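Protein sequences, first through last, are from chains B and L.
Its first residue numbered 1, the first sequence is counted upward by one per residue in the numbering used here.
Its first residue numbered 1001, the second sequence is counted upward by one per residue in the numbering used here.
Derived by calculation from the structure, the hints in this document are not laboratory data.
Just so we're clear, the structure is a prediction, and the values are computed from it rather than from any experiment.
A couple of the hints might just be wrong.
[Unchecked claim] Subject to a maximum C-alpha distance of 16 Å in a straight line, what follows is the list of computed EDC-like cross-link-like pairs (lysine to aspartate or glutamate):
hint, chain 1, residue 1, chain 2, residue 2
1, B, Lys-11, L, Glu-1145
2, L, Lys-1110, L, Asp-1136
3, B, Lys-11, L, Asp-1196
4, B, Lys-11, L, Asp-1190
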Amino acid sequence: MNILRLFVRPKSASTARERLQVLLAHERASVGGNDLVAILRDEILAVISKHVKVDDNKVYVKLERGAQVSTLEVDVQIPFDTNRRAA
Amino acid sequence: MGKAIVVTSGKGGVGKTTTTAALGAALAQRDEKVVVVDFDVGLRNLDLVMGAERRVVYDLINVIQGEAKLQQALIRDKRLENLYLLPASQTRDKDKLTPEGVEEVITALKKNFDWVICDSPAGIERGPTMAMRHADIAIVVTNPEVSSVRDSDRIIGLLDAKTVKAERGERVEKHLLLTRYDPARAECGDMLQVDDVLEILSIPLLGIIPESMDVLRASNLGTPVTLADKHSETAQAYFEAARRLTGEAVPITIPSDRRGFFGKFFGRKAA
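When you get a sec, could you build the whole thing from the sequences and use the hints?
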């Protein structure tokens, strides 16, 4: 048995606290049915598909949740279409 | 007019039934008239913890269905004359717990008792929502552990949305009761501390109940922990919580690690 482990073992309670803070910040927002990030994602995709036909397989949505800020990354590949070139 | 309290948690096994029995007996010892109501239809246990399992004739569902009068279903405690139990049904379907029926029973109980303490089942379905529906006060029982804290957070959300008070634009008075707290583990950083849980859940603290053998012993005997050994640390913590409920300003005692140097060294409790 490594006796050093007794002294250097990280405190698990602080990990528990941080994990809970991040998780609950998200759950409190989504349980009420107002998950802002999910709404943004759906509306952004709706706006894009109004103007260009988007292939569902070419849409990448990545969401990262942090304690203070969440980031939403939307990567949509818009097909090159000669009929829809800028006027 | 009495007050209705719901003892709730979301997660099972955190100490709701123990707390209901302990606070009920603690308040009754202060000359308050108390009824404890079991809402766990199908898995009733408050009768067992109260030591009244052999005296159950009628239950909450019988009363709601009009098969028995409220007075017939109430069981008077043999030790405390101010304490009564309304048991849950062990065999009937929990869907028989109708909102109208529950309202009628709680209203009638509030007219006759100072405190109506409802022991909620675990979960967030019909049983728990019916138990909290008419509450004036909620006691959220939480263990210093991630899954219990998460479930308590969810229950706090429900208390702010699905109760009669919330629907009227009022607020259910919410209190946190931290149970199974192990001071030694909290001090060495391997258990969430009181302040951690308070900061996360942000509702006022009603009390801290230390992890203790007293609880198992009391349930073995069928005696609320505040009657089994009134001088135990656990009973004292519940008595303090009961005094806070009645509006007394009692400073919170955070249980401390009472082991001395040798106790710590050999991993035993001195007291």
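Cross-check of the supplied hints:
1. B:Lys-11 x L:Glu-1145: Roughly 14 Å between the alpha carbons, so the hint for B:Lys-11 and L:Glu-1145 holds.
2. L:Lys-1110 x L:Asp-1136: holds, 11 Å
3. B:Lys-11 x L:Asp-1196: holds, 14 Å
4. B:Lys-11 x L:Asp-1190: Given that 16 Å is the threshold and the Cα spacing comes to 6 Å, the pair holds.
No hint from the list above goes unmet by this structure.
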